[in-house]
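Q: Protein chains in written order, with our numbering: chain A, -4 to 328; chain B, 19 to 627.
Worth flagging that the hints you see were computed from the coordinates, not collected in a lab.
Where a beta carbon is used, it is the ideal one built from N, C-alpha and C, also for glycine.
Hints are supplied without guarantee of correctness; some may be wrong.
What the hints assert, rightly or not - Examples of chain A residues toward chain B, derived with CB under 10 Å:
id, residue
1, I10
2, G14
3, I54
4, A68
5, G82
6, A86
7, G89
8, R269
9, K276
10, M294
11, E295
12, G299
13, R314
14, Q321
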Amino acid sequence: MAVYTPEKPLTQADITGPGAWWCSGCGDFGVTAAFKEVLLTLVNDMKVPLEQVFIFSGIGCSSKEPEMLRVNAYHGQHGRSIPVAMGLAAANPGLVVVDFGGDGDTYAIGMEHFVHACIKNVNMTLIIMNNQVYGLTKGQASPTAHLGLKTSSTPEGKKLRPVNPLKLAIAAGAAFVARGVSWNKKELAQLMLRAIQTKGFALLDVFSPCVTYHREPGFRGSGPIVDWYRTNYVLDIRDAWREMREQVFTPEEQARLPAEYDPTSPEAATHALRLIEEAAKLGREVTGLLLINESVPTMEENLGVSKERAPALVDISVRANLKGYQELLAELR
Amino acid sequence: MWSVQICGAGRAGDGTNTQVLTLGQVFKDLGAWSFIWREEVYSNIQTRDSAFGLRVADQPVYGPDDEFDILEAFDQGALVDITGGVRVPPLARLKKGGVLIYDSSPRLEYPNAGHEVHPEVVADVLERQRVRVYGFPFGQTARERFKNYIVRGTVALGVVAHLLDLPDEPFLHRFRRTFGEDSDLYHMNRDAFLLGRQMARQEGCERLGRRPDLTPIADDQRQLLLGNEALALGAIVAGCRFYAGYPITPASEVLEYMAEKLPRFGGAVLQADSEMAAAHHVIGAAVAGARSMTATAGPGFSLMQEAISAAGMTETPMVIVLSQRGGPATGLPTKVGQEDLNEAIFGGHGDFARIVLAASEPEEAFYIMEKVFNLAERYQCLVILVLDQMLAQSSYTIPPLDPSRFVIDRGKLLDAAAVERLYRSNGRIDYKRYLLTKDGISPRVVPGTPGVTSLYVNTNEHDEAGYITEEMAIRKAMVEKRVIKRTALIRQDPDLPPPRLEGDSEGRIGFIGYGSVFGPVVETLQRLAERGQKAKFLALRTLWPFPSKEVKEFVRSCDRVYVVEYSAGAQLLGLVQREATGPMPRKLRSILRYDGRPMTPGYILAEMK
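Bound conformation, chain B alone:
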């Protein structure tokens, strides 16, 4: 596999995120595959130093590699820890013989004052690492030539295009798309880009080399999108028409995407006044008959626990996307974590059936929404899709998505004719919301269905008609309906996504994980294979009901199994032990990361003991 990795490091406001994204789009347009992530974004709104990563390859990539080939620096924070603390600057991850491009002009405009780049401070490192260093006065040039300081990032893009030997047209195509054909901003960015390329040529910048020929794909239907966008798209295609949410990192993009797109399809987006309200809005809309959803992160999910129990008791189809970040409490709002798995599976008070699914990458996140909504309505229960910050807020190039593959199954939702047929007696319709049926699932109706005036949804223990009861026999029957029968039924559902097996099935080294660890673990398998070690990976997609049988068989087929997760409490390992294997202390090992930074193949290899 060929791949190249670039880091854009500056201060918030320097536009490095935009540059990296544009470059990723250009590579995609050239037929390559891009992965763009937030390498270092601090949870503050002031203009602190930050870094964005782009990895490009000739095949799909789902995670960062350990080292960068090019570091683009707009801020001294790219080279040293300007806080004087123990922060590891992006330079530490620049490859031996890599390229440093930096803005050599002073900071010219508010708000990004100070911390101009001075590579002489790290001259020893640059020399030792044999880094090729190119400084250009991007800021001054942009200000003088274009009377626009911000466009310095586009000048820098021109230099990067030269280094990577990329043609002009894909860049110009992206500028046209962003700024509008023939707009002033398009012309300015085009000229800035071409100037950058010319500056690099004049400076005699040596090309990075060893790039395979990239060929644009005819009628390229591949997507470049965030995990959050993929799942939001999938939700809309799955028929979600009501979304309620409260802004929270790393789930806010779902709210924003829904707010922009859902009205087109006759849907409504209600920005709630808390996650507690949002989750209850979802229940209300679901009772009304809309496919409904919310998305949140750990702190918001805690506020939803009460509503989760209400959905369980009322047998209301409810969908929650849980994007995990470092916790507990406010924790690391912008950084990756997988510390909320236990709360997803065991949260809420009382016993009730639920389904917890996970996606490994955006293509899966898109298609899994079909299952999420179908399962929620089929079993009239809560379905949680568990993601993490790396998957939610990274952009991936993925194969074309096909919405026509979605099949909508609304379970036992009755239309007016069926209601007439089934419930008309003695001149009136005697509908019972919690009718005891053989499989434990009662038919649902949408309020407003002609003649139905006895739809009673109740969070108290209730009889078949919904009225409160504490009678022993009914209580027992209702619990068995909600918990025991339903869980047994769910376990057998073929729509529960089975674990995804990657690598060499003969391997005796095993990995288990879910979510964004997928990319780094799959690449770890490749590196192990290069060393002649056969290994395999079981990526879990159904987390509850836990796939005990598959996990047990997988573990049995291995000599050593590493459970890879972003949780100091090893929550996934705990589940594996509880639900599948028992303790097995010699065979089962953890590979954990809880510093908020992404897993990489190098990290995983180093942690294998």
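Looking at chain A on its own, in the form it has when it is part of the complex:
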């Protein structure tokens, strides 16, 4: 039952919450703006009832996302949004599940759940606002902080090897792996919509710069830190494909492979991994749509549940099930 009609479409105001949590210039505003556009598209163009959308978050700046919105949501504890989302997805596969996490929330304290959600191929979308620092606790290094980054917990520069979530998600078999950037709303919204439409587990890692605690020599404040990302850090996978062909692929492969990067190719996983490695040699992180693979059954399919057969909605009255219960009893006599 669609609540919003062509005569009265869903508006930004309908989905805006009271929250005002982030510093001026925070990348997370860009993520929120893109998500609101996606919600409007889902409801107004694709006729998904808004009540079927359920978002999750954990703890961190990123996790204030539900505060900024007015949609059904669960705001949980640090690192635990994914397992709660998995339970909800299994109990009612008809819901559109989108989980907002941070790089600390998901890639440190929630890592167990992240990897297993990829492996189990839960039909949900995980959007990470990755900013390399723990903003909410005032700027300590996060698992994705790059080598050498000076923060309050790494006064001599980050020494521990950073986590690469894209490599992990690819290796763990996620159905969709992409990285967006918070300063390009149009592309980010496209990636979000595609992630949500993908059958299976979708990781959308988003560089969402922290304007307060992420400090690079020579770059301070919201404009400059975005400049640092653009000029010093990111590399679009499509550009990497064109520019790094000769370093990454053998002449035979080069002759065989298409001119443009194809995330739907059966070889996308290995291609992406090789390009990530090559980009890392230059101190770069890839962005863009790396991989879509919908050929693997989802967790929900493996559990035998569906929109039509949702554990949360089946008739649990004793009368409707009595015959089945009597059979259970007979089996134990």
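Using the hints provided, position chain B relative to the given structure of chain A.
A: Below, chain B alone, put in the same frame as chain A:
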């Protein structure tokens, strides 16, 4: 009461568990009542010596007695401590004048090499105890006659059938059920069983005697099941349609049962990647509107503490079954304990209302699940059912179970029409998850309910709509809603199972306990009565909110009260003192067992001081 007790002792892989279970089923089919427990099962997967117990009686039995009438030995570990240590072998519990049946053939097949039975090693004990000893080459016979070594256990069953003077048909009935009518395995087991009986007859084995006539019950609807199976069944009948769990002894059978049965009813079972994940899966499914549950033991329960607090803060109906074993940490994974009561009642961080229930035996475990799920949804809170290994992993014959007695009450869960009526204003539905109501319980909705787009569940302190707040007045109102009002409301709920009073209400000797101590304590009362001592037992079924009034009155009516529990820390006694009586050092005594072994009437009588 007539009862007979049999021990099947061998190595893991010898099939003694199966034999004992078959015998228990046969006795049930003959109209008797069986109790089957793991007398000695070590927490390892190698083929170590192990022992299973069967107690049969002409009335329901809920625990082991002290001594065995028959010891069936497939391994020398049944007679002596083969580790050369201080282990007490099952022979030590064989009754004076009891029967020892053993496999006199050498070990013929991997993996059970060595430790063949040599009763001559304990000849002095056997003579002193006047044990009747019968050796049969079960292994060799099975291998020669049936080309199947494993079937030696069925040959032994034939001997036991002769000793106990049991008819063939109930055995054949069980073989048919297990192996399939007319299957090769059925024929093999039938022939092996009949051969065993013939061997016993030829050997001139003397019958055990003094067995009352057993009469099969027409259309016998009684159950023979594990405590774990009983509660899992009860959960399904109570409408549980989502189960998440991580394998752990002694709760794994719940996961296995649910995995096999729940899909039939449109439910889902998610084997989680840790207990931490499992507990959060349960919260997610409960938020989605499914009646949801997990089961675990102490170590897993510790991993669930974070989720417990989340359920408390978010006011999510959550059900956890906690099967206790010896602790702390990995402790005694396969042995009984009651050391996690404090964690069940006081675990999790922060203040929130919760309910902790217990069951004494499987029939109670089945029916209590109706209350567990109704209370969880009525009060939108955590309900923990506390069990222990003896109850969870022992099989009991219990009276017929009636699922039609279950009434499902989902509390303030609104359907779409009610939502429209209550929340529609200014053209939109303004649902508030934490609406402040008079009784402190806010109406719930299932996500996906038409028009509801403001269902916000939050583990941060929140306002009525779910949005984060730290404002003093709202914080205070929310705490009072979650903790104070709710606890007061729960205390008055007639669905909280009252304590069960057993024995002579005039008695001045009292016992208090919960869980599997039920059987042994009730039998202790009978033995005391035989000596002319009046005694009574208060079996607790609601542990939180603590039944202070009932316990206080009970203690007042006694001269001496023994609190019986599997906890060196006397956790239940501590609760009684804190919540009901105060210290009362002269009147209140503990009877504790913390060596991992089951209580028996003899143990309790010996510990009464």
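Q: Take the hints in turn and mark each one as holding or not.
A: Quick rundown of the hints versus the structure:
Taking 10 Å as the C-beta cut-off, the interface hint given for A:I10 holds, the closest approach to chain B being about 8 Å. Below 10 Å, beta-carbon pairs count as interface contacts, and A:G14 has one with chain B at about 7 Å; its hint therefore holds. The restraint placing A:I54 at the interface with chain B holds, with a minimum CB-CB distance near 9 Å, inside the 10 Å limit. Here the hint on A:A68 is kept, as its CB sits about 5 Å from the closest CB of chain B, short of 10 Å.
A least Cβ separation of about 3 Å between A:G82 and chain B falls short of the 10 Å threshold, and the interface hint therefore holds. Using the Cβ-Cβ criterion of 10 Å, the hint placing A:A86 at the interface with chain B is satisfied: the shortest such distance is roughly 4 Å. Interface hint at A:G89: satisfied, since its Cβ lies 6 Å from the closest Cβ of chain B, which is below the 10 Å cut-off. Because the closest C-beta pair between A:R269 and chain B is about 29 Å apart, greater than 10 Å, the hint is violated.
Annotation: interface hint on A:K276 violated; nearest CB of chain B at approximately 34 Å, more than 10 Å. The beta carbon of A:M294 is positioned within 10 Å of a beta carbon in chain B (closest approach about 8 Å), and the interface hint is therefore held. For A:E295, the shortest C-beta to C-beta distance to chain B is roughly 8 Å, which falls under 10 Å, so the interface hint holds. For A:G299, the suggested interface contact is upheld, since its CB lies about 5 Å from the closest CB of chain B, less than 10 Å.
Hint on A:R314 holds. Least Cβ distance to chain B is approximately 8 Å, under the 10 Å limit. For A:Q321, the interface hint holds, since its Cβ comes within 10 Å of a Cβ in chain B; the closest pair sits about 7 Å apart.
In this structure, the hints that do not hold are numbers 8 and 9, in rising order.
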